[in-house]
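Turn these sequences into a full structure, and let the hints guide you.
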Amino acid sequence: MDKLSRYLRGPLTLVVLIVIARYFFPNKMTFLVEITTFSIYIIANDILYGYMGMVSFGQPFYLGVGAYASAIYLAHIGNNILVAIALALLMGLIAGLILGPAFIRLRGDYFALINAATCAMGLFLVEKILYPITRGDDGLWYRSRMHATPLLDLRKPDQFFWFAMIVLFVVMIWYTWLDRSAMGASFRAIKVNENKMKFLGYDTFKIRWTGYTLMCILAALAGSMYAINYGFVNPSITEPARAAEVLVATLLGGAGSVYGPFFGTFAFLGLKDLVSTFVSRWELAVGVLTIIVCFKFSGGVWGTIQTIGAKIRSRGKASAQSAT
Amino acid sequence: MTRKSGAATGSLKPSENGKHVMIEKSNERILEVKELSVSYKTLHVLFDVSLEIQTGEVVVVVGRNGAGKTTLFRTVAGFLKQDSGTILFKGEDIGHLPSYEVALKGLKYIQQDKHVFADLTVRENLELGSYATKDYDWDRVLEHFPKLKTLMDRKGGNLSGGERQMLLMAQSLLGKPELVLMDEPTEGLAPHVIEDLKGAFKKISEQSTLVIIEQNLPLTAEVAHRVYAMKEGKIVAEVADKKEIQDLAFEKYL
Amino acid sequence: MLELYISAVVFGLGISGILFLVSIGISIGFGLMRIVNMEQMVYYTFGAYLTFALVSATGSFVLGLICGTAAAAVAGFIVETQLLRKVYGKELMFTMVVTFSVFLIGIGIVQYVFGLASKPVGMPFHTIVHMLGAKIPLYRLMVFVIGMLVYVFINLMLNKTIAGKAIRAGIENPDQVRGLGINLGRIFTVTFVIASGLAGFGGALNSPLVGVTPYMGFDMLLFAFITVILGGLGSIKGTLVSALILGQVISVGGTIYAPLAFVGPFMVMFIVILFKPTGLYGVRGRAFGFEE
Ligand SMILES: Nc1ncnc2c1ncn2[C@@H]1O[C@H](COP(=O)(O)OP(=O)(O)OP(=O)(O)O)[C@@H](O)[C@H]1O
Ligand SMILES: [Mg+2]
Numbered sequence: 001m002d003k004l005s006r007y008l009r010g011p012l013t014l015v016v017l018i019v020i021a022r023y024f025f026p027n028k029m030t031f032l033v034e035i036t037t038f039s040i041y042i043i044a045n046d047i048l049y050g051y052m053g054m055v056s057f058g059q060p061f062y063l064g065v066g067a068y069a070s071a072i073y074l075a076h077i078g079n080n081i082l083v084a085i086a087l088a089l090l091m092g093l094i095a096g097l098i099l100g101p102a103f104i105r106l107r108g109d110y111f112a113l114i115n116a117a118t119c120a121m122g123l124f125l126v127e128k129i130l131y132p133i134t135r136g137d138d139g140l141w142y143r144s145r146m147h148a149t150p151l152l153d154l155r156k157p158d159q160f161f162w163f164a165m166i167v168l169f170v171v172m173i174w175y176t177w178l179d180r181s182a183m184g185a186s187f188r189a190i191k192v193n194e195n196k197m198k199f200l201g202y203d204t205f206k207i208r209w210t211g212y213t214l215m216c217i218l219a220a221l222a223g224s225m226y227a228i229n230y231g232f233v234n235p236s237i238t239e240p241a242r243a244a245e246v247l248v249a250t251l252l253g254g255a256g257s258v259y260g261p262f263f264g265t266f267a268f269l270g271l272k273d274l275v276s277t278f279v280s281r282w283e284l285a286v287g288v289l290t291i292i293v294c295f296k297f298s299g300g301v302w303g304t305i306q307t308i309g310a311k312i313r314s315r316g317k318a319s320a321q322s323a324t
Numbered sequence: 001m002t003r004k005s006g007a008a009t010g011s012l013k014p015s016e017n018g019k020h021v022m023i024e025k026s027n028e029r030i031l032e033v034k035e036l037s038v039s040y041k042t043l044h045v046l047f048d049v050s051l052e053i054q055t056g057e058v059v060v061v062v063g064r065n066g067a068g069k070t071t072l073f074r075t076v077a078g079f080l081k082q083d084s085g086t087i088l089f090k091g092e093d094i095g096h097l098p099s100y101e102v103a104l105k106g107l108k109y110i111q112q113d114k115h116v117f118a119d120l121t122v123r124e125n126l127e128l129g130s131y132a133t134k135d136y137d138w139d140r141v142l143e144h145f146p147k148l149k150t151l152m153d154r155k156g157g158n159l160s161g162g163e164r165q166m167l168l169m170a171q172s173l174l175g176k177p178e179l180v181l182m183d184e185p186t187e188g189l190a191p192h193v194i195e196d197l198k199g200a201f202k203k204i205s206e207q208s209t210l211v212i213i214e215q216n217l218p219l220t221a222e223v224a225h226r227v228y229a230m231k232e233g234k235i236v237a238e239v240a241d242k243k244e245i246q247d248l249a250f251e252k253y254l
Numbered sequence: 001m002l003e004l005y006i007s008a009v010v011f012g013l014g015i016s017g018i019l020f021l022v023s024i025g026i027s028i029g030f031g032l033m034r035i036v037n038m039e040q041m042v043y044y045t046f047g048a049y050l051t052f053a054l055v056s057a058t059g060s061f062v063l064g065l066i067c068g069t070a071a072a073a074v075a076g077f078i079v080e081t082q083l084l085r086k087v088y089g090k091e092l093m094f095t096m097v098v099t100f101s102v103f104l105i106g107i108g109i110v111q112y113v114f115g116l117a118s119k120p121v122g123m124p125f126h127t128i129v130h131m132l133g134a135k136i137p138l139y140r141l142m143v144f145v146i147g148m149l150v151y152v153f154i155n156l157m158l159n160k161t162i163a164g165k166a167i168r169a170g171i172e173n174p175d176q177v178r179g180l181g182i183n184l185g186r187i188f189t190v191t192f193v194i195a196s197g198l199a200g201f202g203g204a205l206n207s208p209l210v211g212v213t214p215y216m217g218f219d220m221l222l223f224a225f226i227t228v229i230l231g232g233l234g235s236i237k238g239t240l241v242s243a244l245i246l247g248q249v250i251s252v253g254g255t256i257y258a259p260l261a262f263v264g265p266f267m268v269m270f271i272v273i274l275f276k277p278t279g280l281y282g283v284r285g286r287a288f289g290f291e292e
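Chains as they are written, first to last, in the numbering used here: chain A, 1 to 324; chain B, 1 to 254; chain C, 1 to 292.
No lab work stands behind these hints: they were computed from the structure.
Beta carbons: idealized from backbone N, C-alpha and C, even for Gly.
Please note that a few of the clues may not be correct.
[As the list claims (entries may be wrong)] List of simulated lysine-lysine pairs, DSS-like, C-alpha gap at most 30 Å: (1) K206(A) x K3(A); (2) K134(B) x K276(C); (3) K191(A) x K90(C); (4) K296(A) x K41(B); (5) K155(B) x K237(C); (6) K231(B) x K196(A); (7) K114(B) x K198(A); (8) K86(C) x K81(B); (9) K149(B) x K114(B); (10) K196(A) x K114(B); (11) K243(B) x K311(A); (12) K203(B) x K90(B); (13) K198(A) x K41(B); (14) K81(B) x K90(C); (15) K206(A) x K90(C); (16) K198(A) x K90(C); (17) K147(B) x K160(C); (18) K198(A) x K276(C); (19) K234(B) x K196(A); (20) K276(C) x K41(B); (21) K105(B) x K90(C); (22) K86(C) x K191(A); (23) K276(C) x K196(A); (24) K119(C) x K234(B); (25) K155(B) x K191(A); (26) K34(B) x K237(C); (27) K276(C) x K296(A); (28) K90(C) x K34(B); (29) K114(B) x K90(C); (30) K237(C) x K114(B); (31) K128(A) x K119(C); (32) K296(A) x K160(C); (33) K128(A) x K3(A); (34) K155(B) x K276(C); (35) K81(B) x K296(A); (36) K119(C) x K114(B).
[Claimed, not checked] A short list of chain B residues far from chain C (calculated; beta carbon distances all over 10 Å): (37) K198; (38) E206; (39) E232.
Structure below.
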């Protein structure tokens, strides 16, 4: 029981905080849902980058896989939102299983670039080649085709909020578990010294493949949540230009930590929100912001919080000691 | 284990023709390393290492694999930055200089991996050394390595281990360095090749002060004036007595 | 029918010329400085926009070419000396993010100065040559020839000059070059300025063919990536060969079946990478990142 609570405490606190925020700032609910969804997307990237040390410049592709899997189903085939989500997860799994063996053999630099190329390819697919199915830049609109789901009606924003909370809760528990599990340890070990892992008899290929596939599934889940929350999908979701956002948010939060992705997303989207009220050109703002983060806050938001926390704690200890 | 101050052993006469400026062993300290600490990110590798090298000496640094010998050399040569401590070369603090400036000041480091530019010929490899130092006196440096003269047009990638080491030594002598650091020059070489190199060490040491990392203890006994033993990132012993060196007394510190 | 393919081949050669010019910087930047400089396409964009500005102002395309190239080189100089020097030796992710940010900033600047709308650039000449019955615009042929000349020039520089040899040695083992006493940093700067100048030159040459828009760099970035991945990062010969292959895939492939113009390069890269993860001429080993 105690063991279980260790995995539950953090995620529960996080979700409760978001729920409280929702009631304090009722008009920010959309923003909170956005953060929730985006942070799942960032967790996916963090598994790849923060844990395994693999940089991908094409994360929007994996988001797009999930979004379009759900969207195409809802627009052309069925009406059940839960099936749409399940399909997205399945497509994520398939993408991971198929692309994985080809991609993860590549050296770091090639891996990053081939993902960028894949992403551009994906954009081209949904924009042009699959036009009859995806309607290209016009996007797919299917809100009216979605049927109500039992218990929570995901078509309604305030009920979707609760759904997002449940998903975040589950994902965070899993992610906390991953961080402490043997699997998480093996991901980290690969980042540090893959050859050593090989000597020790680990099948590093399989470990990477697993991590990559998990990334695909999670990113697809985030994509599917976008698709359902918005009720439409257009190619801008898989735009390669947005690959940078993912990396920035990951770095901003502090890579390879449990709460990094969430705080990174929070900081990134918050800043973007602020900045966009002043300047309309996001490229310039995101570019400058990123460079500042890279050079000045290399530990990320979560890293900074932790160092401050550690300082306070050590000071607390010191004063406690001096008191005795 | 006290240093024999002013021991005039091995002093050589300066040559008359001026071609060789033979150096004399003296009390002048060419290199002083004081309380050097170095780490790779979070891994602390060198702990307060201090040492002194006298002009004209041949000093050998011994130690097990992973003792931190290469790290020490790389830091002295400017490839790594120390966390703390100072490095004085001819009395000047070089701890903050980039590696190429250290090299131009007359402190050359020959890396452990025996890497020569595979894609360039022996001649081109030497040209690069000359380009950097503006020293085109190839006769002087090739004198010790007659074999290289026959290999001028061979690609670096096709040289044998011994030939590589010779090329690296020749390359490093361009610019008349006053101090040459060699990182395991005989590692992986056949005994007869080592025999050749030994002659080269002697000749080089007539022109430059030499600090060598060596695992080959008999060889060490033969060439060293002084030996430092390193263990787990610290200098654990210094042996200056010729007799003790010959008896491999430093072996017990490893 | 034959004319169609002949002109497709020549079009492809023109594309190859541009691809080579704009990719060379990414490839060398990787080989020598061990960074993936995503911001190369900023110079490409700058080169194109300056050509546009000068052609509109003075009507002289040659002047546009020169100024476009120069502006790109200056931009490259500023970026290298002010920013990139701080990222050499840092991990891959970091350098990619930083250089990508520079790319975004460059796009932002172009948007501020020139606006969002796409701008046409007039062809410097409209001469048509006839070849086996096919009508071929001389300009495209010229672009190809220029690309090849640049290749020859770069090769001469690398193989015959001492600075070029230092670059080759630096690609192999940067630390050892420094150990000889060579200021590799200065060589980096010179190389980088040349590379960015070439990207700007490529942008200038391409501007009459594609017109200029703030996002032109994004489209080109994809093709540049494919070119260097296919050719092998760090290999100049590889970059050339892969530019030649891709030019034909885009042009001839696109003539056979239109979507191939876009999907073709990707498929070729994908297949090659499957069998040879380092691209056609890429080298194994030393580079950072995980092995193989
Ligand atoms: N680039 C590096 N990053 C992290 N750790 C390193 C690096 N280089 C060396 N180390 C570690 O530092 C320690 C000292 O290494 P160093 O190469 O200095 O030893 P050495 O005495 O030269 O050994 P050898 O005789 O095997 O050459 C070792 O534990 C090694 O694993
Ligand atoms: Mg060593």
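Taking the hints in turn, this is what the structure says about them:
no. : hint              : verdict
1   : K206(A) x K3(A)   : 29 Å, holds
2   : K134(B) x K276(C) : 42 Å, violated
3   : K191(A) x K90(C)  : 15 Å, holds
4   : K296(A) x K41(B)  : 18 Å, holds
5   : K155(B) x K237(C) : 19 Å, holds
6   : K231(B) x K196(A) : 23 Å, holds
7   : K114(B) x K198(A) : 26 Å, holds
8   : K86(C) x K81(B)   : 15 Å, holds
9   : K149(B) x K114(B) : 19 Å, holds
10  : K196(A) x K114(B) : 24 Å, holds
11  : K243(B) x K311(A) : 56 Å, violated
12  : K203(B) x K90(B)  : 22 Å, holds
13  : K198(A) x K41(B)  : 23 Å, holds
14  : K81(B) x K90(C)   : 15 Å, holds
15  : K206(A) x K90(C)  : 28 Å, holds
16  : K198(A) x K90(C)  : 25 Å, holds
17  : K147(B) x K160(C) : 26 Å, holds
18  : K198(A) x K276(C) : 21 Å, holds
19  : K234(B) x K196(A) : 26 Å, holds
20  : K276(C) x K41(B)  : 33 Å, violated
21  : K105(B) x K90(C)  : 27 Å, holds
22  : K86(C) x K191(A)  : 23 Å, holds
23  : K276(C) x K196(A) : 24 Å, holds
24  : K119(C) x K234(B) : 67 Å, violated
25  : K155(B) x K191(A) : 36 Å, violated
26  : K34(B) x K237(C)  : 48 Å, violated
27  : K276(C) x K296(A) : 39 Å, violated
28  : K90(C) x K34(B)   : 29 Å, holds
29  : K114(B) x K90(C)  : 25 Å, holds
30  : K237(C) x K114(B) : 27 Å, holds
31  : K128(A) x K119(C) : 24 Å, holds
32  : K296(A) x K160(C) : 43 Å, violated
33  : K128(A) x K3(A)   : 51 Å, violated
34  : K155(B) x K276(C) : 26 Å, holds
35  : K81(B) x K296(A)  : 21 Å, holds
36  : K119(C) x K114(B) : 56 Å, violated
37  : K198              : 23 Å, holds
38  : E206              : 22 Å, holds
39  : E232              : 25 Å, holds
This entry does not satisfy hints 2, 11, 20, 24, 25, 26, 27, 32, 33 and 36, going by the numbered hints stated previously.
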